[in-house]
Amino acid sequence: MKKSIFQNDAFQSIIAAIACIVAGLLVGYLVLLAIHPASAGEAIVTILKNFLNYPSKPAAMKYLGNTLVKTAPLLMCALSINFCYKVGLFNIGAAGQYVVGAGACLYAALALKMPWFVCLLCALIAGGIWGTVVGLLKAYANVNEVISGIMLNWIGLYLVNMLLGGVKEQASPYTLQISSVNEKALLPTLGLGTFFTNNKYVTIAVPLAVITAIAIWIVLNFTKFGYELRATGLNKEAARYAGMNEKRNIILTLAIGGALAGVAAAFLFLTGYEQWSTTQSSVPGMGFNGIAATFLGGLSPLGTIFSSYFIQHITSGGSYLDKNVYPSQISDLISAIIIYLCGFVLFFKYAMNRRYTIKRR
Amino acid sequence: MRRAQGKKKKGERSLQEEYAIEMLNITKRFPGIIANDNVTIQLRRGEIHALLGENGAGKSTLMSVLFGLYQAEEGIIKKDGKEVHITDPNVANDLGIGMVHQHFKLVQCFTVLDNIILGVETTKNGLLLKDEARKKIKALSEKYGLMVDPDAKIEDITVGMQQRTEILKMLYRDNEILIFDEPTAVLTPQEIEELMQIMKNLAAEGKSILFISHKLNEIMEVADRCSVLRRGKYIGTVDIKDTTQEELSRMMVGRDVQLVVEKEPSVPKDVVLDVENMTVASRSHNNNAVKGVSFKVRQGEIVCIAGIDGNGQTELVYGLTGLEPIKQGSVKICGKDITHAPIRERSALLSHIPEDRHKHGLVLDYSLEYNMVLQRYFEPEFVTGAGFLKKKSIRDYANRLIEEYDVRSGQGPVTIARSMSGGNQQKAIIGRELDREHKLLVAVQPTRGLDVGAIENIHRELIRERDNGSAVLLVSLELEEVMNVSDRILVMYEGEIVGELDPRKTTTEELGLYMAGARKEKVEA
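Just so you know, the protein sequences line up as chains Y and W, in that order. So the first sequence is numbered by this note's numbering: it starts at 60 and just counts up by one. So the second sequence is numbered by this note's numbering: it starts at 51 and just counts up by one.
Rather than coming from a laboratory, the hints here were simulated on the basis of the structure. Don't take each hint at face value.
Said to hold, decoys possible - Simulated DEER-style distance windows between Cβ atoms:
1) Y:T338 / W:V464: 51 to 57 Å
2) W:D206 / Y:I209: 35 to 41 Å
3) W:P375 / Y:L171: 35 to 41 Å
4) Y:V177 / W:K377: 47 to 53 Å
5) Y:F281 / W:P392: 25 to 31 Å
6) Y:R307 / W:E530: 42 to 48 Å
7) W:K386 / Y:D68: 53 to 59 Å
8) W:E429 / Y:T338: 54 to 60 Å
9) Y:E228 / W:K442: 57 to 63 Å
10) W:F438 / Y:S238: 40 to 46 Å
As the list claims (entries may be wrong) - Partner residues aside, some chain W positions facing chain Y, computed with beta carbon under 10 Å:
11) P404
12) G411
13) D415
All C-beta atoms, glycine included, are put in the ideal place defined by N, C-alpha and C.
Looking at chain W on its own, in the form it has when it is part of the complex:
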């Protein structure tokens, strides 16, 4: 076993201590909420330790405490058995703690090399000594199988490569404890495979890894042990070799979870959405992002647009919802031409769960109740003829949605949306969009960043939508979601629909071939 060797090699340096980092009885409170309630995590040397929990369970808070972004009210942190006080991220850096954030912290117009040495540059007479750095980066890159070109610009390389740059940043600083905050959320299936291998290599070389995730299959594949948090409380730590996905999900959610949602076969009726030859320009390049796409979505079916991120799905949705103008072609909903209709007019027909909940879905500095009426504030139910808001109606409406969709927050309807966890923000948006009248639901990655419990609920909601007679257009990057939820799959590749598949008759492998552009067919709507 390579990993065992790694541990031994490491052990020579520090025989006395089994644990690289211990967080003992950590308690961290925020107004209205206890984010971490007496949580203990012990990270062994050379192990990959997964940290599992629902959204809002307190994983990020715990890591922020370890990284010095927050201070815990109670509890202590030990490094190599000695108590340390991590008052800010610089202290964490000095202690050899590094973190790959979910959203990378890279300078887009710098090269990989420049990004890596940023802040720890070696200089001579005020001039940068890049050659030494380049040598060290190349050596590290080879040692761990990272394969990154140090002279490529960040903006030119893939997301996976950018992530590796972040990993190299930690290695370049000789960090021993590596925190990965949901690292696979942004990667393609192939890149995930590679990342798993890289993490194994790192652990084999004696690095200790904390891996935050709520994807059970990844944890099962890569981790040695797993600690579970639920609603801020520490539930337990298990050895991965002695556990199953079902047990982990039960620990995380506190109940049995159906990983695959059951549903009846669909009964499609009238056409709701009719897209013909739609072309949408791209913001980032001169080529069109969506190239003459045609398809239909009927009442009572869930049609899923599958594809690797960046193949025009975002722009397709923007075109449908009116966030970007349509260059060519036409869009009809229930026979009504909305190709050039303003957004408000479209909103009367379609509900839109946006891809980016912070950018489009919420006004983060508004209260939850104000966000709940974001699409309806102008209706007579919420505003008087003279233009005054009916605050009581808004409060009542928000309370109803909060209740129905189980949106949890510190202070109920008056909570500022920014202070809520990602999962609850998403639930608020879903509640808002499903509750109002619509013929078509456009849901873009509705489960992104959510845990299995929440995903199960959202999948149920989507299927209920369908069964209640809505047409559902789902855009997803998750293969499992595509296969489980949809009634029909359209695969997008480079702005075109390259295949129409029946989820009951296809396999993930076949779907993957279409997504990668290896197989194409002319699809006629």
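So here's chain Y without its partners, still in its complex pose:
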């Protein structure tokens, strides 16, 4: 019997992702409609257009560059979550691993005046350590990784606020500008900025994130290491029976997941695009948005490349809404709704499978 295309997993993932996006836009549209009916249609188009709101091509390219700058860290966070998820672990601690990554790379750049690759390495190690703590607790004390992850998110946040308090600007809570303190800590652009109307924030972070996604896809699907990790995720007992060291695998997975999230922060802060606010009292959403990107990407590292871009695209697009008509929080609200509905990919997939069986009756 021939398998229908509707039963193909990859195809289902794509269809489900599109369904989620449409549903998210629809609900977002309804919210806009409720606040100000007259400009709702225009607003949703504005969000979707994002950088295309600029009529001139150079300007549009420049702002496409900005979207890409923020896509890279989001993709890295998504990969962190995706990688752990394949091993049966829900790395909600990615948000905290991102935070300590930010703290480590900024401290290395601003206080220790290190070059960019050392800063990057510091972020990687810090995130990795943060993930390892979760892994150790999980492997040896059977502490749920979600609980320890969330607690470490907050520990990380205040630790980093404290650490970076010494390298902040006098008059503001923001950390010093890397470009004025230690220019060699900025990630190299390799001339990539020229494609985006000399956008100096477009660095090697963007291609590196995409390469990482492909590398993770290869590791998971084609290597012995990936075989072991996925077996551990799918059936821990069978993995043990087969002589795999499931404790080591859990710790290693969370360490790698942590490292990915740590590097995510470096990919944002070492471009100089944003500064860390040492008074912030909530964990940055980047790590959490990574969860949505993971699910929207159909739990595939390759799919995550596109879903991360899309989520960043609408988040950036939200900032172009008319602030006279809509309150300034609206852009975050709309993208939050869409991101939230993006998590429904698995539900849509389930619904599709179910519908398919009913049809065949």
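Since chain Y is already given, all that's left is putting chain W on it; use the hints.
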């Protein structure tokens, strides 16, 4: 005849219809496989109707269709002569169809009573009225000889009692059609006897029973008629009084089956497995599960650990294979001390057919080919120096094992293991474990849940293993298997080896006495 009376009594209520349930020309397809191909089963009122078939023959699918878990593509179901559409289990319940599943659906920390009334509680002002329920349960319990204490907790009662709770659940809901899905698989011989009697009582009271089994002796004992399925096809229905075990097995397997495997006397050689004074802690209680056990297994012999489930056999195997740490004593394989060795190191010396194929034996969501290399994926044959899997080698290897061990599946090596029938999953594990190099084979209930055809094959494989010079340690709960296959029997009772028997010189009765703890001797290895 009590049964005849029962039928008459029932007949008063519904004279016109002979059949309680009819499943006519049912066809159910899954991707790559036709699970039921034009199957017809007619269940008479007050009869015990056995449904016999090999693993993967489509028995479970057919019952799932009847119970509303699956929808058939073709065919109709009639209740009392009227066509019904069973779209989900609730509809089945409303029609008076009840099922005792192979794996019980009970809340462990609830009492028997709570489990029975769960979902159909009688309440007054939001408060449970348990007294009425208790009265009804006691009455039912007496009527059918079930003898269950309604206030006992599920976790404290035996498996047999738990099963009776499931039966009471059906009776409490006034179900008329009772489906038993391989009910004896989990019971001790004595409990099986009792269950048979209970089923006869139920039928005598006018209940219609569908009894899924592949144990021929049980069908011969308890059933009135038997319908046989083979590879999804309906083979026929026979009256039990006109048939024999041999005929039934021929119908089921499609060829003559040797119920007892022939073998030469064993020629034991060097000691392979040497266990000395091994103690393993229990996970479920503070007492040790295995208490200072010593024995040896030699090259060219099959040593069987017999015993009633839960007497430490599982933990004994866990200790040997490294799934649980050994508290005291030592284990040597071919002179090498492996008492505290990691699992991977032991795997090089021993093959292990695990007791629970879903928990340990397979990664159910991996493809068949990936499961075939579960114990060997790290060998140079299947992985490059850089750590990449050699997909082609894996595919070829899996195909060879599939061929050699006749593992049937919807899509060959890429089939997801979860979608395969239990028998074929087991064949895959056996193929994987026998094919790789080993000095010792530890086979734990290798034929559990399998049909006579598959059992015959597995017994042959075990004997061939022995004749090829392996040492075989077989753990089995089936008396027949213990007697037929082993060269030496060690009986375990409460974590100790209480007897060593020679299968040629002992009887099942004597073996039963040891298993029940009624007889003990000090065994020195």
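For each hint, the structure was consulted:
1. Y:T338 / W:V464: 51 to 57 Å: holds (55 Å)
2. W:D206 / Y:I209: 35 to 41 Å: holds (38 Å)
3. W:P375 / Y:L171: 35 to 41 Å: Violated: the Cβ-Cβ distance is about 46 Å, outside 35 to 41 Å.
4. Y:V177 / W:K377: 47 to 53 Å: The hinted range 47 to 53 Å holds for V177 of chain Y and K377 of chain W, with Cβ atoms some 50 Å apart.
5. Y:F281 / W:P392: 25 to 31 Å: 26 Å Cβ-Cβ, so the 25 to 31 Å window holds.
6. Y:R307 / W:E530: 42 to 48 Å: This hint holds: roughly 43 Å between Cβ atoms.
7. W:K386 / Y:D68: 53 to 59 Å: Violated, at about 45 Å.
8. W:E429 / Y:T338: 54 to 60 Å: At 57 Å between Cβs, range holds.
9. Y:E228 / W:K442: 57 to 63 Å: Between E228 of chain Y and K442 of chain W, where Cβ atoms are some 60 Å apart, the hint holds.
10. W:F438 / Y:S238: 40 to 46 Å: For F438 of chain W and S238 of chain Y the Cβ distance comes to about 42 Å; the hint holds.
11. P404: holds (6 Å)
12. G411: Holds, because the Cβ-Cβ distance from G411 of chain W to chain Y comes to roughly 7 Å (cut-off 10 Å).
13. D415: Hint on D415 of chain W: holds, closest Cβ of chain Y at ~5 Å, below 10 Å.
In the structure shown, a violation is registered for the earlier hints numbered 3 and 7, in ascending order.
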